[in-house]
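Colleague: From first to last, the protein sequence lines stand for chains R and W. The letter at position 252 of the first sequence is residue 252 when you use full-length UniProt numbering, and the numbering goes up by one with no holes. The letter at position 50 of the second sequence is residue 50 when you use full-length UniProt numbering, and the numbering goes up by one with no holes.
Since the hints were derived computationally from the structure, they do not count as laboratory data. None of the values given here were measured: they were computed from a predicted structure. Heads up, some of the hints might be wrong.
[As the list claims (entries may be wrong)] Subject to a maximum C-alpha distance of 25 Å in a straight line, what follows is the list of computed DSS-like cross-link-like pairs (lysine-lysine):
| id | chain 1 | residue 1 | chain 2 | residue 2 |
| --- | --- | --- | --- | --- |
| 1 | R | Lys784 | W | Lys64 |
| 2 | R | Lys315 | R | Lys286 |
| 3 | R | Lys766 | W | Lys57 |
| 4 | W | Lys55 | R | Lys516 |
| 5 | R | Lys816 | R | Lys896 |
| 6 | W | Lys55 | R | Lys766 |
| 7 | R | Lys59 | R | Lys130 |
| 8 | R | Lys1230 | R | Lys988 |
| 9 | R | Lys1002 | R | Lys1120 |
| 10 | R | Lys748 | R | Lys816 |
| 11 | W | Lys64 | R | Lys824 |
| 12 | R | Lys761 | W | Lys55 |
| 13 | R | Lys824 | R | Lys810 |
| 14 | R | Lys604 | R | Lys286 |
| 15 | R | Lys604 | R | Lys283 |
| 16 | W | Lys57 | R | Lys824 |
| 17 | R | Lys761 | W | Lys57 |
| 18 | R | Lys1002 | R | Lys1088 |
| 19 | R | Lys824 | W | Lys55 |
| 20 | W | Lys64 | R | Lys816 |
| 21 | W | Lys64 | R | Lys761 |
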Amino acid sequence: MAVPVEEAIAALSTFSLEDEQAEVQGAGVLVSSERGATNSPIEYGDVSAYRLSLSEDTKALNQLNALIQEGKEMASVLYTYRSCVKALPQLPESMKHSQADLYLETYQVLDMEMSRLREIQRWQASAASKLAADMQRFSRPERRINGPTITHLWSMLKLLDVLVQLDHLKNAKASIPNDFSWYKRTFTQVSVQWQDIDSMREELDDLQIFLSTRWAILLNLHVEMFRVNNVEDILQVLIVFAVESLELDFALLFPERHILLRVLPVLVVLATSSEKDSESLYKRVKINRLINIFKNDPVIPAFPDLHLSPAAILKELSSYFQRFSAQTRLLTLPAPHELPPRDAQDYQRHYLIINHIGTIRAEHDDFTIRFASSLNQLLLLKSIDGADVDWCKEVKGNMYDMVVEGFQLLSRWTARIWEQCAWKFSRPCKEAIPSESNGSAESLFDYEKVVRYNYNAEERKALVELVSYIKSVGSLMHRCDTLVVDALWETIHAEVQDFVQNTLATMLRTTFRKKKDQSRILSDMRTLSADWMANTSKPESDLQSHGGDESKGNFFYPRPVAPTATQVHCLQFLIYEVVSGGNHRKPGGLFGNSGSEIPVSDLKQLESFFYKLSFFLHILDYSATVATLTDLGFLWFREFYLESSRVIQFPIECSLPWMLVDHVLESQNAGLLESVLMPFDIYNDSAQQALAALRQRFLYDEIEAEVDHCFDLFVSKLSEIIFTFYKSWAASELLDPSFLFALDNGEKYYVQPMRFTALFKMTRVKLLGRNIDLRSLISERMNKVFRDNIEFLFDRFESQDLCAVVELEKLLEILKHAHGLLSKDLSIDSFSLILNEMQENLSLVSFSSRLATQIWSEMQSDFLPNFVLCNTTQRFVRSSRVPLVPVQKPSVPHAKDNFYCGTQELNSAHQSFARLHSGFFGIPHMFSVVRLLGSRSLPWLIRALLDHISNKVTTLEPMTTGLQAALPKSIGLLPFDDGVTGCMRVVKENLNWGTKSELKAKVLRGIKEIGSVLYWMGLLDIVLREVDTMHFMQTAPWLGLFPGEDGQILHTQDGGDSPVVNLFKSATAAIVSNPGCPNPTSFYTMSKQAEAADLLYKANMNAGSVLEYALAFTSAALDKYCNKWSAAPKTGFIDITTSKDFYRIYSGLQIGHLEDSVQVSSNNFEILGDSVAWGGCTIIYLLGQQMHFELFDFSYQVLNVAEVEAGLLSQAHKNPHVAQGWETLLEAMKKARRLNNHVFSMLKARCPLEDKIACAIKQSGAPLHRIKFENTVSAFETLPQKGA
Amino acid sequence: MARAGGGGGGGGITNAVNVGIAVQADWENREFISHISLNIRRLFDFLIQFESTTKSKLSSLNLKLDTLERRLQLLELQVSTATANPSLFTSTTTTSA
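Excised from the complex, chain W in its bound form (with noise of 0.2 Å):
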């Protein structure tokens, strides 16, 4: 509907009854979506942060896995050069001063 003109301007709302009801519903029926929406975003909030702790988590091992395997990497060097030498540990009458 058109309305040329006049001090009113403005469109009027032609069934406004109708449109109060159908208003009245879609409040209500968006609570329920914003509700679902708002919880989903919740649930992907919690993943990106279970995601990024847990990173964090793996990199603090990793670190600690790295220190234990360069610590490895020398003991099994040193026990490879007594492996090697078994005649200086088995006599026990040839100690150095």
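Isolated chain R, as found in the complex (with noise of 0.2 Å):
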């Protein structure tokens, strides 16, 4: 019938249950909180079963085992008790009337906690009494009754650690007395009115001399022993055996090994202060050994923040114990505070965790392997059937090899953070405080002494990485618990077996073959384990197996079952019993050479066995030991500092395990970073301590709170971190490799890899029971920090010139960089979505951005007023002069490096490649501005910056009328007679412009702006069309384009599919015709999808010119007032002197301000520059002025006349004085000759006038590219013209 469960679940196995999730945290989960196999959960009733005559023993042994119970539940009581009388009000002067119904208050909720001490003392004293009478019970040689055992011993022992944890903790509370004087005066105040109280005030006192006295337990408990004085033996046989299993430290766990610690030095005095025998103990353990055991550890780990020292103990003791005074050897071993600073050095180096972390590494790496091997083998095992017998064995011994080691293993470890806490508890830091705080030393809490400055990175480190590797081994073995249980019973049941049926059987016949009561206690042992009929279910093989020689022992099949407790309790009775031939008097050790008959060989046997079994339970209690082992809560636990700082709770800061978290974080170490949440199972322990060992729910509060806010804490630093390291990443990343590698200093800018990937794969990290999706956590703080970023980007955008858009959409870059090396690892918001609404362009029906608007408003408020033109270099910048147009902006916004590039270093590299664009605008910032707002949200841009054209020639008009009013009448050509000065003479007679030079300076920054509007069109025209070259050779050869001689577009074959298409058509012809294909829907999908893209892209191919657009609409803005600017000649003839068309006034514009740009040291350049041409020759280019203008313009005439001049005066020789003075002024004209010439032709070239192939634009705006219009005297007349 059992083989159905085991198939059953067997079959569970086939469920696949694999999860993505890196084991980067301890075991979270414990089932099972029964009493183990350690301590018998059926309290050894059944001992009584194997008719050993131990029912006194057992009995005993449990009351024991009760006290010790409560005894720790006292403890706790009194670790965790915090000072009543802090929180007790005080009565203002108005309510001292209500006085005594506060003392009536206050002595009820005192005597809550009192009565608690009360109860402690009332048990001490009970617990006290019934050890003593134990003792003397069990104490030989009166002995009467069988025992005590090994575990009746333990249990003594372990009850004297208890109360001398009592006496400890009691001495080192202060608050209690504390609360117990405030306690004492209340009730003087409140029982005036009482009757009666003479026993009420007799037991407040015996309470009082209770708490004040020193060590009160322990001379209660001397007391209480030394009644009747026969109790040094069993002290003597409590000593011999505590020192020999410290020595041999086999079997025991750290948790024991610390009972023994604590407790030997106490059992030292008792049993050297009675009133016979004090040298006694020295003949049966050398004082030496004792030397060396409490110098070997000089502080003993009591409580998490207390600590316990055999010297200063018995150095204490023998204040009371007037015997024990002479001990003169063991009193002068030095307390740790009075080491001598060499002592200190090598105890250091031995309590320190960083001396020893390099071999710690190399254990946990080898046995880690070896575990895991081991592990294989097993369920290869599990996997064959009927697998040869003596591999079995091997296997499984193997297995329970290694659950020893790894058990040792923990418990070495645990132990060593353990001690080194007592040990940092014990040499509270000296030197001053660390630079970052400021306060000054004496603000310091004890606390931080002995944590947060104790601690240095180094020693964070190898405690975190230490925490870590009893974690994972933890959760290691936990995790396959249930594998290797059976493996481990029947290893168990196999050793046991061997020793009862092969080993004793082979001692009856040897040695104590004469010995009768020996050799029944022998046999006894196998009566009540051996498993005579373990081989039966297997009788096939039992055949062969028991062909048998004697001499190789009987042969068994192990059971899948392991000893119980009792069976475990009565081997080792027994064995003591042999050993010590029932005469605990006997000089040496337990297992020492006693000269007793029992051959070495044997002795040894049957001692390896002893320990063996005591190993027995603990692996048999398999998760509660690997729990008990892997227990860190202790490190959070600081009661003790609490109440003597006088504080509630220390700030985080001080907190061990956040510490640690903290450094890993700061610290950026890769290879820690995965350890990052182990130190949040410290908070998961010290939790669990708290409500199942403590029993104290403000503690556990305290704990969720702090674990609360750590977590928080923990996930915003995380994710700063997360974000910095890809952003630099990405930085590193887009910094031109060549010239990093040129660089001396390169590898500043390198990024040193992190690996966040196993925690992007947290979906439930373990919390105190609470399970908390890291990974959606980071995912949204990540989401969300994108949008900060982009947002700041923006903001800083709009607080600079419009020459910071390189720096922006390079910035934009990397964070784009850095979004897309994240979400590889993470998945968040698609970065389109992300910039989409951070630009505010969500809608459909909406083309501007925020980015575009910026854009805009930038050129409209500051760019085109205040920036001038430099026509050879094709750049724009920021007139030198005092801004014409003042702008508002806001300050910069300020943000940490990562909102930039990450790291500092990367900034700065970044940031002087942005500086080399930050002064001017040109080619690089139209590049910029194309791709961050593509090809949505450009055409809005063009279609507001033409309004703007046309917004300007509509206020152009009537300053150009108003121009037009002050010209003379008419102006003659200029004569040659007086040479250039005559010529400028005449213009300044002539074009005096009255009083209108401030509607000239007007006029010439609007059509300079206009020229700059212009030309901007210009630049973003390239740009435009590099950026459709691009495009188009990257697509030609998909869709079998080729460029023709004259710039026609050709296809490859004419009616026939593009290449995409039938490639993708040929490809799913080819897939579908497999009869294998399982879904041939989708690649018909694909190849009908390259049809669509062919259509799209190549639909794209002949953008028109944004350049030619914008004259065209240019032209058609100038319609309206091309009556006005361009008067038709009555005579039919051209008009010369009369003429008041737009390129008169221009030229006169023009000369003027060559003029004044001569006089004053080239202002007027800095404030126009070149734009005014490109503007000024727009216009008149539209209005078909050109010739008129190049005829006519005022100074072409100088230039001619100073032509002639020059010619004149190269056929006089000499006469140098003539043109003198105008140099200058000659050049300047002679420039902007040769800049309208090149905007003439430029013109000319984009926008033809004669037989023009135009853009026609119709009311609407849209417009109609290339309408063919016939030849005319002006093209520009032959426009459809606005609103007609």
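Using the hints, build the complex out of the two chains.
Modeller: Structure below.
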């Protein structure tokens, strides 16, 4: 009937339970909390079944165990006791009359607490008397009953330990006597009205004495023990047992070792304090052995933040125990604070984990590999039916050995942490406070001295490492609990059976043949534990193995059943009986060479089996042992220091678990990063302790509050680090690698790789019984921080001028790259979505965006008025003059490095690149604008700029009319007679514009802005063409396009499909023809999509020119003013002298402007720049006045005059003074002419007036490309007019 | 039975044969018990593991749903802007450059 169960369970393993989450946390789940095998779950109720006459012993044993349990509860009450007095209210003056009420209330509150102390007092008295009675009963030689068993000895030691701890705690807690004296005061106040208070007062006095006497519990115990003066024997037995166990240190896990270490000094004091026989102890145990033990461990952990020191205890107790004070050798041991510096250094080396972490690391690596391999072997074994028996045994035995080793490792490691803590507590840091805190040394808590500043970075690192080793090995072992447990049972069963069936049989035949009593005990051992029938279930192999030579011993098949705690208990007892011969007074130790008749080899076998037996229990308690050994909750508790510092709680910076988390985060150590969740296991452990062991709700609440806070902090810090890392990674990847290679200090731009993948997969972080989805928390924060970052970049751009657009694009590119890198590991919102959201153009019908609006308003308010064009460099630069239009901008927002490029070095690298582009606006900026706005918002911006042109033209019109009015009726051609000087005089006389100089400047600025916009469009056109070309080159081969000779685009195959469509079609056909194709429709879809892509890309091929469009638009805008600015001559001939056409006005403006620019050293140019020429010439050209302008422009005329004059001069050889003073002006005029010619030729090329294929603009503003117009005098006139 | 003093010490088993038989029976009974209890623990282990893996699978699903939800929100918003301005999408003549 057992088979179906097993099969059913085995069937469960067919479920796929793969989990992508890495094991970066300790085991958080503990199902079993029952009492394990180490303390029998049925309180040794089955001992009597073995009829060993141990009932008295069992009874006493259970009594002691119950006392131990109670004592532990008392200790936790005492440890977690917090002073109530601090919380008591003070009455204000006005309420003094109700003082009595307050006293009563206070009394009632304190009475509750004091009753608990009274309970402790009563309990310790009863425990001491019971322990003393127990010891007396079981003390030999007057022994009348069987016992004490080894388990019983352990219980005595444990109870003694509890009493010592309680005493130590009572001594250490200062708040208790404090509270008590307050209680007593209120009692005297309150009890005035009461009658019959004598008994209460007496009780109170008793309690006071108990609380205020140091070592009161121990003194009481001493009195109880020596009431009847015969416990020395058992004390000596206990000491011998403790010393031997400690020296052997084989089967002890650290909690037991610490118990022995704590109890031993007290035992020694008690044993030496008796009237007689004080020296007999040292006959059995050499004093040097004791001194060695005390010296090896100068500090012993007792409570999480409270330690014991054997030397200090011995010294202190010597004043209470007169006889002991003679033991000078024991009393001269130095207490931890008195250690000579050299010894202290040695101990330091021993206690600090950093000095051992290398070994520990090697042990860990080695162990995990071997453990995993034995586990694999075991799994392999289980999957094979009918495996070889020997192999089976070997594999299981291996597993058993690995588990033993694991327990020992865990025990050693956890003990190291405990002991390092105790050592640190005993040696607070003495140095001045680290620089980060500016408080004085006095303001430091003691706890900060022992914890916060007592661990340097290396020590924290080592501690994190060790904690994660403990936790990971713990969870490794915990996970395979049910996998290995039957193998362990089987191995233990085999060990026990081998011993009782084979070893004991041999011994019975040889050593003990003649000794009746001892051989009786041995056969008792066989009776109570041998499983003779273990082989009957497998009869067929039975035959072969039982062909048997006796020397090989009985062959048996191990059962997967472990011996019970009682069996182990009885076996240990019996072995002890054999070895000691029932005489505990026997000199020497348990298994020491005692001169007994048992040969050494047998003694050794018995000894090793004896100690193995005690370890079996730990293995049977597999998960409980793992839990105890990996419990690091003590690292959080600080009740003792809280009390002595008189605060409610310390800040989290003092909390060791958080210090470790923080260290991992701050150190940015890639190796430690995956251990960052391990310290949170400490919180889990301490919460468990607070609830299960200390049973204090308030402690749990405090832990919970701290964990909540810490975890929030942790997530935000971690996200910050993740973001910074990905950002700087992206930024460093975007630096030119060849440049970095050539650089001497290139490595500082290299980002240390870090792995967050394990953390990104944590979907359930176990925290105080909750499961937290760390991944979603991180991705939430990442989504937010990317948005914040974009927001910041836009804010920053908005506070700078248009030139910062290159920097903005670069930073956005870095951000985008970082996003790309991060989204490989973590799923977050797509970048385009985030960007669109932050651009505020999610709407399908809005084409502006935050950025486009900003660029436009920036152009309007700052760029167009304040920037000047340099035609040669193709750049706009900010005019050095005081800005004509003052600009109000928000101040540049500040942000951390990771909102730029990550680290400071990368920031400076990228900034120095950005600085190159911060002083001007040119082609690179235009590229950035195009890339940032994209095809969606760019048209919006173009439209806005064109509207700006038409507005400017409209505002220019009345001003131009004003200037026309100011022109004299007629200006003739400039006379050649007086040379340049004469010309200029005529110009001055005619073109003074009267009072219109203000108007003149305004018109010039207007023309300049129009020119700037047009030039800007020209730049945009260049950039767009480049982008389009790039695009074309990428798509052309797929679409089957190639350029023809005259710039036409030709198709490779006429009427046929383009290569991309063909490719997908044939691929689909090939795949579908394969009968194994599972899903042909998706390939058809793909092929259809290829056709759609083909159409879409082809449609995008022939984009028009932005510049041409802009010029057409401008000319349409000028239409309205055509008759005002370009009057047809009445005579039919060219009007030379009286013309008031636009070219005339502009010509006048230009010469005035040139003159100004020459006079006051080149300042006017800096206000207007080359765009005036662009604006003026374009308008002239579009009005069809280019020829007129070139003929009649004043400055051109002056240049002609100067040329003639120069010709005359060169003929006359000499006479330099004539043209003198005009060189600079002439130079400027020449320059202007060159520039004008350049503009005109550009216009002719891009916007030819003769026989024009032009853009026609409909009323709605929509263009019709390349409408052919017949050749006319002015193509401009034939354009459909706006509003016509 | 108490045995005082003497070289032997320790209690001898009074009825060794009966105890031996009982021990033997005990071994067999306990084999059955530990078999059952072990398998129950295995069942428990399975359940715990099942719970945790299911949880993480659900959380992956949740993450995907979150992303989809946000995308859907976005699309809904875009559709709403489009339906609020139907004129832009009906006329074919007014297309911008």
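Colleague: Any hints this thing doesn't respect? Which numbers, in order?
Modeller: Violated: hints 4 and 18.
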